[in-house]
Structure formats: C-alpha cells, structure tokens
Amino acid sequence: MVELIDVTKTYGAPGGAGTVGVLKGITLKVESGRSMVIVGPSGCGKSTLLNIIGGLDRPTSGRVLLDGGNLADRSDDELARIRNRHIGFVFQLHHLLPQCTVLENVLIPTLAERGGRSPRETHARAKDLLARVGLADRLSYRPGELSGGQRQRVAVARALINRPQLLLADEPTGSLDEGTSRSIAELLVELNKDQGVTLIVATHARELAGRIGQVMELSGGVLSDRGRP
Amino acid sequence: MSLGRLVARSLRFYWRTNLAVLLAVVVATGVLTGALAVGDSVRYTLGRTLEARLGKVQFASLPQGRFFRTALAGDLEKQLGGTVAPVLQVSGIVTNDDGSRRINRVQVLGVTDRFYAVGPGGRPLGKDPTEGIILSEAVARRLGVGVGDEIVLRVEKPGLMPREVPLASDKDRTVAARLKVQAIADDAAFGRFDLQANQIAALNVFVPLSWLGERIEQPGRANMLVVAHLKTSFSTREMAAALQKAWRLADAGLELEHLPKQNVLELRSRRVFIDEPLAAEALRAGGGSAGVLTYFVNEVRLGDKATPYSMVAALDGANLADDEIAVNQWLADDLGAKVGDAVDLAYFVIGPERKLREDQGRFKIARVVPLDDPVCDRTLMPAFPGLADVNNCRDWKPGIPVDLDKIRPEDEEYWNEHRGTPKAFISLAAGQARWRNQYGSLTAVRYPWREGLDRQIEQHLLSTIDPATVGLFLQPIRDRGLQASRGGTDFGSLFLGLSMFLIAAAVILTGLLFVFGVENRRSQAGMLMAVGWPARRVRRLLLAEGGLVALFGTVLGVGAGLLYTRLMVYGLATWWSGAIGGTDVHFDARGLTLLLGGLGGLLAALLAIWLTLRRQATCPARPLLAGDAAASLGDIVKAEGPGNGLPRRRLRPGRFGIGIAVAAFVGVAAVLLIAPARGGEALAGAFFGAGALLLIGTLALTGAVLQIVAGSWDRPMTSLQGLGLRSAGRRSGRSLAIAGLLACGVFMVVAVGANRRDPTKETHGRDSGTGGFALYGDASIPILSELGTAPGRDRLGLTEQGLESIRAVQFRVREGDDASCLNLNRAQQPRLMGVRAEALKERGAFKFTATVRQGREEGWGLLQTDLGAGVIPAVGDYPTVFWGLGKNIGDELEYTDEMGRPFRVRIVGMLASSVLQGSLVIAEDEFLARFPSVDGYRVFLIDVPAEKADAATQTLTADLRDYGLLLTPTGERLAAFGSVENTYLSIFMVLGGLGLVLGSMGLGLVVLRNMLERRGELAMLRAVGFGRGRLRRMVFYEHWGLLLAGLACGVISAMVAVMPALQSPGAQVPYLSLATMVGGIALSGAVWVWLAGTLALQGRLLDALRHE
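From first to last, the protein sequence lines stand for chains A and B. Residues in the first sequence are numbered consecutively from 1, following the numbering used here. Residues in the second sequence are numbered consecutively from 1, following the numbering used here.
Hints were generated in silico from the structure; no laboratory data involved. Heads up, some of the hints might be wrong.
[Unchecked claim] Chain B is nowhere near these chain A residues, computed Cβ spacing over 12 Å in every case:
(1) P41
(2) D76
(3) R85
(4) R142
(5) E178
(6) G179
(7) G196
(8) Q214
(9) G221
(10) V222
(11) S224
[To be verified] Here's a subset of chain A near chain B, in silico, CB distances under 10 Å, partners left out:
(12) L93
(13) H94
(14) R158
[Stated by the list, open to error] Heads up, incomplete: computed chain A residues facing chain B, CB under 10 Å, no partners named:
(15) G54
(16) G62
(17) L65
(18) L66
(19) G69
(20) I82
(21) R83
(22) I87
(23) F89
(24) L96
(25) P119
For glycine and all other residues, C-beta sits at the position ideal for the given N, C-alpha and C.
Required output: the full structure, derived from the provided sequences and hints.
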C-alpha cells in the first residue's frame, strides 16, 4: 500500500549555514488494511514524515510509493487528486469551516473535483459516517456549536467521505481531553478494522499509541520499529 | 452541498469582511461612474445650451458692420427652401424704470416672426412678438423687471459708413427709447439666442425689426441672417452659391441711378466710398465707365486768400496732369486765381490707427470752368452724412473738425445755390493718390447712358462679385457650435483624471480588505487543498466569493455613482458655481457611461482581488495547515527555504522594486522633458503621467527598502524603532499598500495645492497680470476718441477736473467666442482685440512667458512681425492659449475677415495670466485691414494714480453712460478669473480629501489587523517584560514609518509632477499652507495609528475582533 524507500528531508539552517536533516533515509512499508503509529518527541519530524506520506510535502530524496506509484513524480494537481481519492487526513486542529454545517463540512472533499459521484450518494455516505462517529443528531449544527471532541469526529468523518484507502492522522487527540482522546482513538481503530482503511497515526500520546497496531519511533531522523504494544 | 452553496454560506458567514470589501468596491465604482457621469452632465448641458442658443439654426451670416435688405431673407429662402430669418443686431444698454439697475453690452435683436420660427420652440411668444420689447430671462432677472414694467433701452446707431471715415458723422451715436416689457423669453422662446459658443446665457432683448430699423435709421435693413429647417444638407460653398443667386446690389449698399441731365448711369454706395473690389468690377462692367472720387477739402488757398470747406472732384478723363487742377469760375473769382496759378489744397486723410491728419497738395490751375459747364455737377457730391442732408452749411456736422467760424456769407450763398457742386477738379489718379482709403477710392462710377444698361450692369456685378466681399457669407454655425461643445472642457476626463487616485485608493482598500478576509481563512484553504482540492479550485472558490461581492458592490456603486454625480452637479450649481460662470449644469447619465463605469469598477475590484488571491493562494497546503494563521507568506517562504516546492526567489530582496523604481524615474524624466514643449492637454497628460509614474517609482522604492530591511536578518535590530521597521517589512505588501493609499491622497492634495495661485497679489507692477493698469473698461458702444488724451476727452465732452492724469491703451474688438476659463465650450474663433502695440511696448505692460523667439526681448513688438500673406501675429495669455484654445506658441487659428477672406492668426507670444484673458490681441493696423467696418474702441486699459481711481471711475462711468462704459479695477477682474481656477482646485481638493479619508481608514485598519494577528507575539513581549506603553510605542514606530513613507512618496511625486505647472506663469505655490496641510495629514495619521494601536492592545477588544 505505502512504501517509503530511503526518504530524506532536509531544511536550510537559519542564517544559510548548511542544512538540517529531519528525516535520514527512512524506509518503511505499510500493507493495506494495517495500522501503524509513529511516535517520537516533539519536533522529531513526525508531522513531516506524515506530510510526505500524504503528498503534502515532498522528500528531499528517496521515493514514496502509494500502490506502487511514486508520489515524488507527480505534479501538484495529481497529488491533489490522489489525496482527494485515496488519502484521508485528520489534523490536530480540525480546520472545520465555521460557516458550514457539520454535514456540509463532511461533504467538503467531494467538492474538490467537478462531477464525481451523485450528491444523493455522497449525502447518504456523509450521514452514515456522521452516524458512525456518533453525530447523527448534529447534522445541521455549526462547528461553533460542537465540543472539541465532536469537531474532531466531524474531521474524521470528513477524512473518510471519499472512501480513502489510507487515513493519516497527525496528533488527532493533541488538543483533546483524555476522555475525548480515548473515544477518538477507539473510533480510528474501529474504522481501521471495520472498513479496512490503512491507518497511520503520528502522536506522542502513549495511550493512543497503545491502541494502534505497529509502533514505530522516529528519533534523530531515523525510524525504528518498536513492535506491537 | 454544492460549490455555489458553499460560496453562499461563506458570503453570509463572513458578512462583515464582505461588507467592508463591498463598501470599498462601492466607493471605487461610485467615484469612477460618477466622474464619467459628471462629464455626461456637462456635455448634456452644453448640448442643451446649444439647442437653446441656436434653436434650429444651421447657418448664419454674422453682422459685419454692413446692412442688407430684409427682403434678402425671402429671396434666399426661395433658393434654399427652409426658413431664413432676417435679424438686425446692435449693441445696447438697458436700464430699469428708475435707472437703479443697468446692464451694458446687451444684444439688441430686431426680429420678425420668422425668427421665432427657427427657435427651439418653433413658435413666437403668446402675444404678438412684433410689438413692444421682449427681455430674455437673464436680462429680466438682472434688471429685476417683469411683464408690464417699463425699461429704457439705448441702442447703438450705426452710421451709413464707418464712423471713423473722414466725413462720417460721429454725432447721434445712440438712440434711446422707453418701452414696456411685453414678455420674458425663456429658452423655448429663444431667449438665449446667441451665435457665439458660450454656455452663459446671452443678455438679449428683442424688439420688432421694423421698429429698430426705423430708430437706427436703417429701415428695411438687417445685418444678420439665420437659416434653418433645410431639407437637405448644404455645404458652405452651396450656401454661397445660393446667396450669389439671391442677392441684389442694394445688399451691397450699391445703387444705380439714371441721371438724365448728365445722361449717365451712376453707380454709388450708401457707404459713400465704393469698396475696392466692387469698384474694380464696376469699372469693367460697361464701356466708357468713369470713376469719380469727390472729397471734402478744408481749404483751397492761393497766397493769402483761402476758400474754406469745398468739394473737389477727382475725375476719370478730366484731361488734367496729376499736378494740375481745374477750378470753377466761382472759386477762381473768390481766390482771384487765374490759369497758371498754383493753389494749395488742405484736406484730412486717415493716418495710422485711423487718426485724422491734415495733408496738403499743390496744384497748378490748368483751366477755369464756368459754373454752367456740365462738369460743375452737384450730383458729383456723394451723400456725406451731416453735409448732404442739411440746408445750411452752418448746420454741417461732418465727422471731422470743422471751424464753422471760417464759413463766410459767400460760402453760405454758394451752398444755398449750388450745394455740394465741386469747386475744383483734379485727375482721378491724383485724387486717388491722396484720398484713397481702406474703404474705397471711388465715390461713384459713371457710364454713358443707354437703354437697358442698368440691368446689364447689375447683372454683371451680381454675377461677378462675390457677396462675401461685402460681408455676406453664411457660416455653418451649428457645426461650429457642435464642435465647440464637443471640444470643450471634458469634465468626464477631468473628474476621472483627478478622481483616479481616489479610485486607486478605493481599489487598494478593496484588495486590502479582501486579503484580510482571505488571510483569516488560510487554514481553510489549506484544509481544502489537503482534502484534494487543487489550488486553483480553492482560488476559484475565493475568487467566486470575491467576485460576487465585487459584482454586488459594482451594482450598488453605479447607484452610488449617480448620487455622486448629483452631488457634484449640485456642487457645481452652488459651492463651485464660480468654476463654470454660474451655468446651470443639468444632471445626465447615459446608459453606456453607467455600463462603462460599472465594468471599470468591477474589473478594478476583480483585478485587486485576483492579485491578492494569486499571491495568497500560491502557498501550498501544508504551511497553510501548519496552524499559524498569523504567519505570512513571506514568513513561510523564509522558513521553508529553497527546494520545498514553494515559489523560488530569483532575485535578492528589493532588487525587483529597485528595478521598477529606476524604470519609473527614467519615464518621469522623459515625460517632464517632453511636456513643456507641448501645451494644453499634453501638459495635463504630463501631469498625470509623471505623477502616476513617480508614485509607482517611489512606492516601488519603498517596497524594496521594506524587503531589504525585512531580509537583513544577519543584522540584529537593537532598538524599538528597529523592531518597528522589521515588523513593517514583515508584511511588505500590506505596508506598501497602506503607504500607497496615503501617497495617493497626499499626491492629490499637494499637486492641487501647488497649482493654486493668488492673482490679486502683485497687481501693481507692469509685469503683473494687470499690466500695471488700474482700471479695465468695457464699452457697449464703441468709443471713437482717445480717453488718454486731452483732445480725445474734449471730443467726448469729458471736461471734469481730475481726468487730466488718466492715460489709456485702447483696443478695437471683433466679437468672437470667449476663450476664457469661464467658457466650457472650446472656443473656435476667439474674440480679437486690435491694439497699438507700441502703447503696450513702451509701458512694458504684462509679462511674456513664452514667445516664438525665445530669449529675445521683443514682447509686444512681435505683433508687428511680418509672417507673410494671410498670417497675422497674435498674443494671448496663458489660460486663454493653453486652456481656452488648447494651443501653444506657433499654433494658428483660422478666421474669416469681414469680406469673407480666410486668414490665419498665429500665436507668437504668451502672457502670464492677465486681465486680457479670453481674447487674442493683434496689431491695430492688421485689425483694421481685416475688419475695416469695426468702429472705435470697446476695451480700455486705464492708467490712473491709485488715489484718483475711484473718482475717475465715477466720472467716466457717469459721463460715458451712453456708451455703456463699465470700469472694473483690474485687480478685481484678475481675481474673478483666478477664482475660476481656484474653484476648480477646490473641487479637486475635495476629491483629494476623500482619498485621504480612505488612506487614513486603511492605515487604521492595517494597524488593527496587524495587532490582532500578532497577539501572540505581543503577549510574548508582555511576558518578557514589555510595558503596555512600550508596546504602544513600538506599534507607533512601525506604522508611523509607513505614514511617513506614504507622505514622502506623495509629496515628492506631486512636486515633481507639477513642475510644468510650477513653471507656468503666475504660479505661486503656497508652500506654507501646503506644509501645514501635509503636517496636518501626518498628525491625523499619527492619531489614527495611536488610536488603532491603543484599541488593538486592549485585550477584550482584541478577542472580539480576532474572531471576525
């Protein structure tokens, strides 16, 4: 499903003096339907790695293969299409549109391209997903009327609307309280199991890491397997 | 959910931001549309005025100092079809019943009902318009009279021949009558009739043509034809051909008479002298023709014996040598002369500038003829007015000084018995050599009589003489009027040009407000891109939102534009009426103008939105999502560095801005070098071109400096000011926008302020706009004498004490379009004034700012330059030449003289703004050569000691009231012209003020926004120990730097851009008030910054705003 081969990422050092390596030769393979959590201290490059996997960022060197195709070879437009069709994102900040209802927020990814599936079908799926995340009775609410956990659930539903094969979650519980974090973690695990979505989560929350399959640790730009919890 | 719905939701959710953008678009579109519609309104007004003053008139023959049969109108009508109306137009003075109100320079029009048929209403007034007097509304208003009131009308009484011709009587110059006002003529009743292109209502009074003809002793005659209702279009040439077929000899003032006793057919002129071209043709018209020139001589002297005041005839075929004379027996007896004696003739001739000069000639008596010889023919004396029509020679009133005491009883006896029978005869050549003048060299042509000869001669003359030579030619008045109204001051462009910066300010504000909205939603954009929206689709979404706001704003803006136009029109009618001479501007807005204004506003708004979006939405999704909503694109670019898929900087920071600045400065230099060589609109173009380029250049430079400061991370800043500067550089685009807004407003205010002038200052010097003269005089009836000389004053009966010290420079006037700044039309043929150039030259009057021969001190002497046949030199003042005519030194204007011959007037010199505004000045002799029928002087520049000016004004006004002499202090006249310019400037200052309001608003907005975005940064600074006051100061330094940059850009651009105007004559830059104004702007800006900073630093307010 996803394979990273010798991926590196460097940034220019402040003042222009040389470069700083964030990812140093990351090689990783995640099979379809599997789940993985990437842990590591703050600033170690977890988000960068996730962004590279999701096509939001490009590696300095190395290859990122999604279903065998190298993302590094794709144009920005192609990457956008791939993200829209194959990848779902959940961010620490939910980035919901305050001007739209819960249902509309979930439907936002379906507007990325002209045409596509029928509105009836996508509406039904959005409602299903919102029911799945426990928000069936909040369809016409605005983000401002929801709690933090509810908002994040909407974001999860939004990530799944286009039936992605890969769900990337970057600190999805980072700004939530413990109870809410737990419920989100359960939701992600369930989705992984029930819907066969490949799940990669970047987090430094131990409890969340403990609920998800394989644990990889990123430290010093190098990824190492910590096995299963 | 659809894209449209998402857009709708967003529009509603972010309504505050959208409302702000919408208002900015409304302002931009409103000002743009309004400016264009002001142009429509003025054009419409000029068009309406054209209809009101010309009615249906298409062609007209203008008064040329000659009179023709009123029946010519009917004869011409037969040739042309349509309607031809005869008009008798003279100048007049009108006073109300008790004499408390008086109007000089009234146009008195003798009309028939045909005249009203060619008017705009196509109908006469309710009552019979051929009885009583009808006043135009303008006259009635100024006199304060209504229907049924009595008024006193004094009209000019033109002579049969020009009043200044020797022997033309200058008595009975005017005639007065008390009349009852029968009606007030509004526009529909042709009350504004005027053949001159001017939007200011003419002062007209209408009387029956027959009545006026009787009163001024021109019965059955007219001096103007107006042609209307032509079925087909006629060219000027076709009109001339029709006139050629219709005219009769009487229309040229000629008459043929069979004198049975002499057995000759005589051709003579009502004007005494037969015009040269007519005389030449008349001599060719029949076999045996003989020219006659009979002249009035002051004295025939032989030794100590003299005979006063006699007629002497110069005859063709007199069989006399040029130095020989034949005397009649009576004269021979009176002088005791015999054949072989030499007699001296003394006579007046016209010297330069039509001054009478007594000349003498010596002749040897070749023979003495008895009184019963056929040659002693009393019909040889032409009908000299004041001579031919009196019984007693003591009643003579010739137009020359006659000492009646010299007339002896025997002279009276001769007159009683023989009347004007010539007492002596010389050869025609000798007579013409002495007495030829510009009005002719023959007083009659005689042909040996035979039956049918009169018809033959008449036919020959009518077919061979061009009626134009006697002033009969039809001019395409309507076409010329249209040309004048279309070519006139384009208020649309004027308002648009000077609103441009206001519009730009509104557009910048649109972009600024829009980008704030977009920046608020950066993470949204990032999320959309993260979920697979291509960047351009995100852009389209935001563009669609912005576009809808812009579209709605445009629609509202067009409505606002109409209100703006109404406000401007109201302003022009009230506060700024001085700018257009009190003309009523009527509101008008064309559909196309509204469409263009709306489209312009929409495009400008869309462009601003697109440019800001393009910049914002080129940022990739990940940084947008990074959560730092406050981070600017610049921050991200710097943080990410190269190789990260972001737009790469190819140039070092600031290089691009410096490049633009250099290019702009080169452009400015080029424009300013070229501009002074051109005039009028080219200069105005230079103003805007140079201004715009400089603004671009200085702002680009400011942007470059900001970028350089922002990029110089290796140099740590060590002060609060440095921190402020660094902060300003962080958002260089936004900072630049705000500096640009302020620069626009300041540019406007300074540029306009620099054009202001105070014409009333320095009015005493010879090189000032008054020419050093104390009074400007304008007479309704031409004055023939010189006001500045004792004999001249004596002739006018001015004998009061206190007038000895006055000196005057007098101008002959050929009426034409007013080319002053009071006329909104483009003057086609401005008024010409003839002056004796030496009179001005020896006084060094007025200041020449440009001449055809730069650097050579020739001044008024240029009027005597020989420019070749058909071209005469002229001088005008700067506002007349540049603005009134749109001309420059060396340019020419086409004119037609009173004989229909075209000639060109070349502008050889330009004066600083002066009391001569509105006219072109030419040399008097050139004037007389072109307009010999124009009598006397109508404009006077009078030198009188300041302490005697009031007394002189009172005396002259009272004593010359029959001439309608209006005396104005020159300073007052200059101030009146100056107030026009200054009123324009006031209008534009208002627009500049609006620009500044927008600029200040923008500044306040940017301060607030910046502070809100950097709340975290400010909180951190507070945490590390910054006091609230210190933070406020930091904010102040940052934004005050922007304010200063804006002010500097605006001031520098304006000062350089108005350089051509500064070099123009009379420019008096009020540096102190400008400095005060700019200081005021700086202060108000500082207050805005302080206020906005203080507000922004208040926590609760901050929170509230952040969520919007």
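These are the hints, each one checked on the structure:
Under the 12 Å C-beta cut-off, the non-interface status given to P41 (chain A) relative to chain B holds; the minimum distance is some 19 Å. The beta carbon of D76 (chain A) sits about 7 Å from the closest Cβ of chain B, which is not more than 12 Å, so the claim that it is off the interface is violated. With 12 Å as the threshold on Cβ separation, the claim that R85 (chain A) sits away from chain B is violated: the shortest Cβ distance comes to roughly 7 Å. Annotated as non-interface, R142 (chain A) brings its C-beta within 12 Å of a C-beta of chain B; the closest such distance is 9 Å.
The Cβ of E178 (chain A) sits about 22 Å from the closest Cβ of chain B, beyond the 12 Å cut-off, so the non-interface label holds. A cut-off of 12 Å between C-beta atoms confirms that G179 (chain A) is not in contact with chain B; the least separation is 24 Å. No Cβ of chain B comes within 12 Å of the Cβ of G196 (chain A); the nearest lies about 20 Å off, and the non-interface call holds. Listed as a non-interface residue, Q214 (chain A) keeps its Cβ farther than 12 Å from every Cβ of chain B; the least gap is roughly 24 Å.
Separation of G221 (chain A) from chain B is adequate, the least Cβ-Cβ distance of about 17 Å exceeding the 12 Å criterion. Its beta-carbon lying about 22 Å from the closest one in chain B, V222 (chain A) satisfies the requirement of being farther than 12 Å from that chain. Against the 12 Å criterion, S224 (chain A) stays outside the reach of chain B, whose nearest CB is about 25 Å from its own CB. For L93 (chain A), the interface hint holds, the least distance from its beta-carbon to any beta-carbon of chain B being 5 Å, beneath 10 Å.
Given hint, H94 (chain A) at the interface with chain B, holds; its Cβ is 9 Å from that chain's nearest Cβ, closer than 10 Å. Proximity of R158 (chain A) to chain B holds as hinted, the smallest CB-CB distance being about 7 Å (cut-off 10 Å). For G54 (chain A), the interface hint holds, since its Cβ comes within 10 Å of a Cβ in chain B; the closest pair sits about 8 Å apart. A least Cβ separation of about 14 Å between G62 (chain A) and chain B goes past the 10 Å threshold, and the interface hint is therefore violated.
Interface hint status for L65 (chain A): violated, as the beta-carbon distance to the closest one in chain B is roughly 19 Å, over 10 Å. Against a cut-off of 10 Å between C-beta atoms, the interface hint on L66 (chain A) is violated, since the closest Cβ of chain B lies about 14 Å away. At a threshold of 10 Å, the smallest CB-CB gap from G69 (chain A) to chain B is about 16 Å, leaving the interface hint violated. The criterion of a C-beta within 10 Å of any C-beta in chain B is met by I82 (chain A), whose closest approach is roughly 8 Å, and the hint holds.
At its closest, the beta carbon of R83 (chain A) sits 4 Å from a beta carbon of chain B; the interface hint therefore holds under the 10 Å criterion. Below 10 Å, beta-carbon pairs count as interface contacts, and I87 (chain A) has one with chain B at about 8 Å; its hint therefore holds. Interface hint at F89 (chain A): satisfied, since its Cβ lies 5 Å from the closest Cβ of chain B, which is below the 10 Å cut-off. Here the hint on L96 (chain A) is kept, as its CB sits about 8 Å from the closest CB of chain B, short of 10 Å.
The beta carbon of P119 (chain A) comes within 7 Å of a beta carbon in chain B, closer than 10 Å, and the hint placing it at the interface holds.
Hint violations for this structure: numbers 2, 3, 4, 16, 17, 18, 19, all remaining hints satisfied.
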